[in-house]
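> The sequence shown runs contiguously to residue 422 in our numbering.
No lab work stands behind these hints, which were simulated from the structure alone.
Mixed in with the good hints, there may be bad ones.
Unchecked claim - Straight-line alpha carbon distances no greater than 25 Å define the calculated DMTMM-like cross-link-like pairs of lysine to aspartate or glutamate that follow:
| id | residue 1 | residue 2 |
| --- | --- | --- |
| 1 | Lys372 | Glu395 |
| 2 | Lys184 | Asp156 |
| 3 | Lys398 | Asp296 |
| 4 | Lys398 | Asp412 |
| 5 | Lys184 | Asp106 |
| 6 | Lys398 | Asp319 |
| 7 | Lys372 | Asp343 |
| 8 | Lys396 | Asp412 |
| 9 | Lys372 | Asp319 |
| 10 | Lys398 | Asp343 |
| 11 | Lys398 | Glu374 |
| 12 | Lys184 | Asp167 |
| 13 | Lys396 | Asp296 |
| 14 | Lys396 | Asp367 |
| 15 | Lys372 | Glu352 |
| 16 | Lys398 | Glu352 |
| 17 | Lys398 | Asp367 |
What the hints assert, rightly or not - Okay, the calculated beta carbon distance ranges per label pair:
| id | residue 1 | residue 2 | range |
| --- | --- | --- | --- |
| 18 | Gly250 | His349 | 56 to 66 Å |
| 19 | Ala113 | Asp319 | 47 to 57 Å |
| 20 | Gly335 | Thr260 | 19 to 29 Å |
| 21 | Gly335 | Asp106 | 50 to 60 Å |
Owing to the predicted nature of the structure, the values given are computational and were not obtained by experimental measurement.
Cβ atoms here follow ideal geometry from the backbone N, Cα and C, with glycine treated the same way.
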Amino acid sequence: MSYRTMFREAVGEIPPTSIDMDRVIARERRARRLRRVGVAALAAAAVGVVLVGTTAVTGRPRADVPAAPSPTSPAVRTPAPSSGASFTAMDLAIFEAMGRVAPDLDWAPGLGAPEGAEPVWLSGPSMRGYAPDGYMGQARVRSGDRMGRLSVQIDDAGWGPPVCSADAVRRSGCAITTGPAGEKIVTMSARNPARGLDRKPSGGIALSSNAEVHRPDGVVIIVQMWGEDENPPLTLAQLIALALDPAVAGQAAQPLHGNTEARRMWIKSVVLAAVQRHVPRVTGAQGRGAAMIPGDLGSFWGSQDTADSYAGQGRVLVDGVSGTLSVRIHRRDPGTAGDLTCDASTRTHTCEAGTGPAGERYRITTDGSGVKAERTIHVLRRDGVWLAVSLTAGEKGKLPLTAAQQRAVALDPAVNLTDRFG
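When you get a sec, could you build the whole thing from the sequences and use the hints?
Given below as structure tokens:
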């Protein structure tokens with residue numbers, strides 16, 4: 001069975017060219033690189049920035065903590081979403097808050113963008129391994145002729161209590177204040193020594209400001225301003241106000257709510273975790289060799305999903321044997337597996353039916369031999385969820401997973417759809 005057939009079963013009848021797995025995988029790899037490049041660019045800039053001394057004293061704020069903003073809705077200005085994306089509730093909350101905190105602020109095209117280019121807001125889930133664990137958004141902004149890059153990061157990844165060391169106070173003006181709802185707010189500033197005060201702006205980072213809001217519920221909101229000259233478009237007080245704004249604060253507990261990319265990442269993460277759990281030596285495969293990053297099972301995994309279905313596949317390698325693994329999940333049995341009974345076995349067809357530990361029914365069929373060999377396990381769970389795990393042989397004509405390993409993946413209760421980002 002080809003991947004086009006599998007996806008047609010998973011998502012319904014589709015035009016032949018509407019799902020191209022090579023393009024899906026390339027898109028996901030490109031999106032992952034963009035996220036990494038965006039984070040790496042900011043991190044690299046931070047490495048090149050030397051912390052500067054101020055007159056701040058431990059416990060004394062460098063900027064007054066603003067009062068809670070008025071909930072009055074401003075005139076919301078929005079940039080364009082990144083290619084192929086759409087705005088989430090978290091994105092829109094940030095835009096709304098900006099209208100209150102900095103009414104004169106506007107979006108700007110990225111550095112090096114052609115004349116007349118549209119400003120773009122790059123956002124998406126931040127990741128821990130393959131799993132989404134928070135939100136990150138960034139774009140270039142302007143206020144008059146003052147330019148800079150704004151970034152907003154939100155997560156609850158177990159941050160410890162905020163601290164300001166004596167060195168951080170001396171070199172960066174690190175200060176901790178308390179917000180109106182008991183938040184602990186850490187502020188810092190840093191200057192790039194390669195940018196003298198008498199130099200004209202050249203698009204690089206001259207001054208950075210950072211506000212971390214540690215909320216009592218464990219959520220941390222980090223708002224950063226990377227100014228291209230010594231007078232950035234947003235002040236520290238405005239960064240704090242942005243993090244405390246009712247629109248941002250209201251979404252921050254679930255920053256990935258309604259984020260379809262996060263949902264797809266989460267299902268992919270549990271699928272890959274199950275494969276690694278039951279097949280410890282598995283890795284991703286590219287062509288006839290291993291993945292470029294050893295152990296990176298997800299490098300060559302593409303997926304499509306809806307609220308009620310998921311279909312993903314990728315090449316895997318185990319002890320030098322490669323093949324293509326696919327996983328399909330439907331919230332309700334689409335009927336493609338029939339009654340999960342077996343017909344007569346032949347030389348090139350075997351079938352085994354059984355019942356799993358949670359009462360789910362399953363059927364294992366193997367068809368063909370050599371490079372045409374394919375083993376498929378259909379599962380119908382007691383709650384009506386239908387799942388299929390298929391494996392096709394690679395160039396050596398062998399299947400990289402044993403039947404027991406493949407069945408363990410198919411019967412793993414963690415391999416399921418999710419409503420956590422709905």
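> Does each hint fit the structure? Answer for all of them.
How the hints compare with the structure:
Between Lys372 and Glu395 the CA atoms are separated by roughly 10 Å; this keeps the pair inside 25 Å, and the hint holds. A C-alpha spacing of about 14 Å is found between Lys184 and Asp156, which places the hinted pair at or below 25 Å, so the restraint holds. At most 25 Å may separate the alpha-carbon atoms for a hinted pair to count; Lys398 and Asp296 meet this at roughly 22 Å. About 24 Å separates the Cα atoms of Lys398 and Asp412, which keeps this hinted pair within 25 Å; it holds.
As the CA atoms of Lys184 and Asp106 are separated by approximately 29 Å, the hinted pair breaks the 25 Å bound. A hinted pair counts as satisfied when its Cα atoms are at most 25 Å apart, and Lys398 with Asp319 qualifies at roughly 11 Å. Straight-line distance between C-alpha atoms of Lys372 and Asp343 comes to about 20 Å, which keeps the hinted pair within the 25 Å bound. The hinted pair formed by Lys396 and Asp412 fails the criterion: a straight-line CA distance of about 28 Å is larger than 25 Å.
Proximity of Lys372 to Asp319 is assessed by CA-CA distance (about 20 Å); at most 25 Å being required, the pair is judged to hold. Taken as a hint, the Lys398 and Asp343 pair is honoured in the structure, with Cα atoms around 24 Å apart against an allowance of 25 Å. Of the pairs offered as hints, the one joining Lys398 and Glu374 holds, with about 9 Å between alpha carbons and a cut-off of 25 Å not exceeded. The hinted pair formed by Lys184 and Asp167 meets the criterion: a straight-line CA distance of about 19 Å does not exceed 25 Å.
Restraint check for Lys396 and Asp296: satisfied, since their Cα atoms lie roughly 22 Å apart, inside the 25 Å limit. Pair hint Lys396 plus Asp367 holds up; C-alpha atoms about 16 Å apart against a cutoff of 25 Å. With a C-alpha separation of about 20 Å, the suggested pair Lys372 and Glu352 falls inside the 25 Å cut-off, and the hint holds. The straight-line distance between the Cα atoms of Lys398 and Glu352 is roughly 20 Å, inside the 25 Å bound, and the hint therefore holds.
Between Lys398 and Asp367 the CA atoms are separated by roughly 13 Å; this keeps the pair inside 25 Å, and the hint holds. A hinted range of 56 to 66 Å for the beta carbons of Gly250 and His349 is consistent with their spacing of about 57 Å. The hinted window of 47 to 57 Å between Ala113 and Asp319 holds, with their beta carbons roughly 48 Å apart. Hint check: Gly335 to Thr260, Cβ distance near 26 Å, so the stated range 19 to 29 Å holds.
Remark: the range hint 50 to 60 Å for Gly335 to Asp106 is upheld by a beta-carbon distance near 53 Å.
Checked against the numbered hints given earlier, this structure breaks hints 5, 8; the rest are met.
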